[in-house]
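So the mapping is simple: this note's numbering equals the position in the sequence shown, first residue as 1, plus 1038.
Quick caveat, the hints were computed from the structure, so don't treat them as lab data.
Given the structure is predicted, the values throughout are model-derived calculations rather than measurements.
The reader is advised that the hints may include incorrect statements.
[Unchecked claim] Straight-line C-alpha distance at most 16 angstroms; calculated EDC-like pairs for lysine to aspartate or glutamate: (1) K1117 / E1094; (2) K1114 / E1094; (3) K1117 / E1130; (4) K1053 / E1097; (5) K1053 / D1121; (6) K1053 / D1128; (7) K1117 / D1128; (8) K1053 / E1087; (9) K1114 / E1135; (10) K1117 / E1106.
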Amino acid sequence: MSTIHVSDRAARWYKEELNLNEGDSIRFFARYSSGGGLHPGFSLGIAVEEPRHPAEQTEVSGIRFFMEDHDYWYLKGHKLHVDVVEEGQDIEYRYTEV
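Start from the sequences and build out the full structure, keeping to the hints where you can.
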């Protein structure tokens, strides 16, 4: 069972915002940040690129969403839920413990 869950709405949002086609991939990665994320000092970043050594992946609406082995520490022990916030039509990341 994957620890990355992306709603159909979120997958459509990524397709429109990033001009993606079916078969494209989005990488989630840990990045330094002053903002709040799952871990203090880090937040979740995204990049449009193909997987090399994915630790986790899921496909939604023809788009592959994944996290590489070297970034997986960020999610360890948690599930990532990606959805769209209706008011601002922006992406929301939520984390739940496994």
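So which hints don't hold here, by number, going up? Violated: hint 7 alone.
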